[in-house]
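Given only the sequences and the hints, what does the whole structure look like? Please build it.
Heads up: the protein sequence lines correspond to chains A and B, in order. Residue numbers for the first sequence follow this note's numbering, beginning at 1 and rising by one. Residue numbers for the second sequence follow this note's numbering, beginning at 1 and rising by one.
For the record, the hints were derived by calculation from the structure and aren't laboratory data. No residue lacks a Cβ here, since even glycine has one placed at the ideal position from N, Cα and C. Hints are not guaranteed to be accurate.
What the hints assert, rightly or not - Lysine to aspartate or glutamate pairs mimicking EDC-like chemistry, simulated, CA-CA at most 20 angstroms apart:
#: 1; chain 1: A; residue 1: LYS65; chain 2: A; residue 2: ASP87
#: 2; chain 1: B; residue 1: LYS68; chain 2: A; residue 2: ASP102
#: 3; chain 1: B; residue 1: LYS57; chain 2: A; residue 2: ASP87
#: 4; chain 1: B; residue 1: LYS37; chain 2: A; residue 2: ASP102
#: 5; chain 1: B; residue 1: LYS42; chain 2: B; residue 2: GLU56
#: 6; chain 1: B; residue 1: LYS58; chain 2: B; residue 2: ASP27
Unchecked claim - Interface residues of chain A toward chain B, partial, derived using beta-carbon atoms under 10 angstroms:
#: 7; residue: SER18
#: 8; residue: GLN22
#: 9; residue: ASP26
#: 10; residue: THR30
#: 11; residue: GLY40
#: 12; residue: LEU45
#: 13; residue: THR48
#: 14; residue: LYS65
#: 15; residue: PRO67
#: 16; residue: TYR105
#: 17; residue: VAL114
Claimed, not checked - Here's a subset of chain A near chain B, in silico, CB distances under 10 angstroms, partners left out:
#: 18; residue: LYS7
#: 19; residue: GLN28
#: 20; residue: GLU54
#: 21; residue: SER59
#: 22; residue: ILE63
#: 23; residue: ASP64
#: 24; residue: LEU92
#: 25; residue: SER94
#: 26; residue: THR103
#: 27; residue: GLN104
#: 28; residue: LEU115
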Amino acid sequence: SAVISQKPSRDICQRGTSLTIQCQVDSQVTMMFWYRQQPGQSLTLIATANQGSEATYESGFVIDKFPISRPNLTFSTLTVSNMSPEDSSIYLCSVVVRGRTDTQYFGPGTRLTVL
Amino acid sequence: GENVEQHPSTLSVQEGDSAVIKCTYSDSASNYFPWYKQELGKRPQLIIDIRSNVGEKKDQRIAVTLNKTAKHFSLHITETQPEDSAVYFCAGHNAGNMLTFGGGTRLMVKP
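Structure follows, in structure tokens:
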């Protein structure tokens, strides 16, 4: 597996502001993903973070709201823009480790509360 | 796209009993089915997975079965213990490396 860290672990933000979440992995990974987990719910894929190019977004998620960067093989950021209380969620990154074609490992998550 | 349904949404068992969680999937091209355990406030942890070329896999008290024809797979936990209490998620994985998750099952093991 891989050691995955996320910053911040939690934050409380005012509506209309933006928050950038960082995901760092200790080894090279082939794929990185961002998920949202609303309170008491399952995990929903937001987008695939592509190294050096635009992320691939799932239906219902757009780049203007959730811009994503992935400048190298071990680091990605997700920004939640112009936040509203409906954005209150846990945001998790996941990775596919090099040598494993499909198994995803999750970061610890960022708990976001928007007031 | 893939649709994964999971049942039951909650499951309460007595310590020492078995627990079974069932999932169905819609995309016949899906070829990999992981199960994750998520304790309160923690990240989802992979506990077992199965690929479409096998029908069953066991790891100590945990087993997973897959029926490709019927497009369903199940998680079996034997001799349940209080520390098995958590939310369990099944997922289906297609050729695009995307995971689609089931809705989750909250398992409660009563001592």
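Do the hints match the structure? See the list:
1. A/LYS65 - A/ASP87: Measuring from Cα to Cα gives roughly 10 angstroms; hence the hint holds.
2. B/LYS68 - A/ASP102: Answer holds: B/LYS68 to A/ASP102 is near 19 angstroms, not above 20 angstroms.
3. B/LYS57 - A/ASP87: Violated. B/LYS57 to A/ASP87 sits at ~38 angstroms, over the 20 angstroms cutoff.
4. B/LYS37 - A/ASP102: 18 angstroms, holds
5. B/LYS42 - B/GLU56: This hinted pair is violated, its Cα atoms lying about 28 angstroms apart.
6. B/LYS58 - B/ASP27: Violated - the C-alpha atoms of B/ASP27 and B/LYS58 are around 24 angstroms apart, more than 20 angstroms.
7. SER18: This interface hint is violated because 24 angstroms lies over the 10 angstroms limit.
8. GLN22: Since the shortest Cβ distance to chain B is 16 angstroms, the answer is violated.
9. ASP26: 15 angstroms, violated
10. THR30: Given a least distance of 9 angstroms, the restraint on A/THR30 holds.
11. GLY40: 9 angstroms, holds
12. LEU45: It holds, given that the least Cβ distance between A/LEU45 and chain B is near 6 angstroms, below 10 angstroms.
13. THR48: 8 angstroms, holds
14. LYS65: 20 angstroms, violated
15. PRO67: With Cβ-Cβ at 20 angstroms, over 10 angstroms, it is violated.
16. TYR105: Holds: closest Cβ of chain B sits about 7 angstroms from A/TYR105, inside 10 angstroms.
17. VAL114: 19 angstroms, violated
18. LYS7: At 14 angstroms from the nearest chain B Cβ, A/LYS7 fails the 10 angstroms test, so the hint is violated.
19. GLN28: Result: violated, 16 angstroms to nearest chain B Cβ.
20. GLU54: This interface hint is violated because 16 angstroms lies over the 10 angstroms limit.
21. SER59: 8 angstroms, holds
22. ILE63: Hint violated; A/ILE63 Cβ to chain B Cβ min 18 angstroms, cut 10 angstroms.
23. ASP64: 22 angstroms, violated
24. LEU92: 7 angstroms, holds
25. SER94: 8 angstroms, holds
26. THR103: Since chain B brings a Cβ to about 7 angstroms from A/THR103, closer than 10 angstroms, the hint holds.
27. GLN104: 6 angstroms, holds
28. LEU115: Hint on A/LEU115: violated, closest Cβ of chain B at ~21 angstroms, above 10 angstroms.
Figure legend: structure checked against the earlier numbered hints; hints not met, in rising order: 3, 5, 6, 7, 8, 9, 14, 15, 17, 18, 19, 20, 22, 23, 28.
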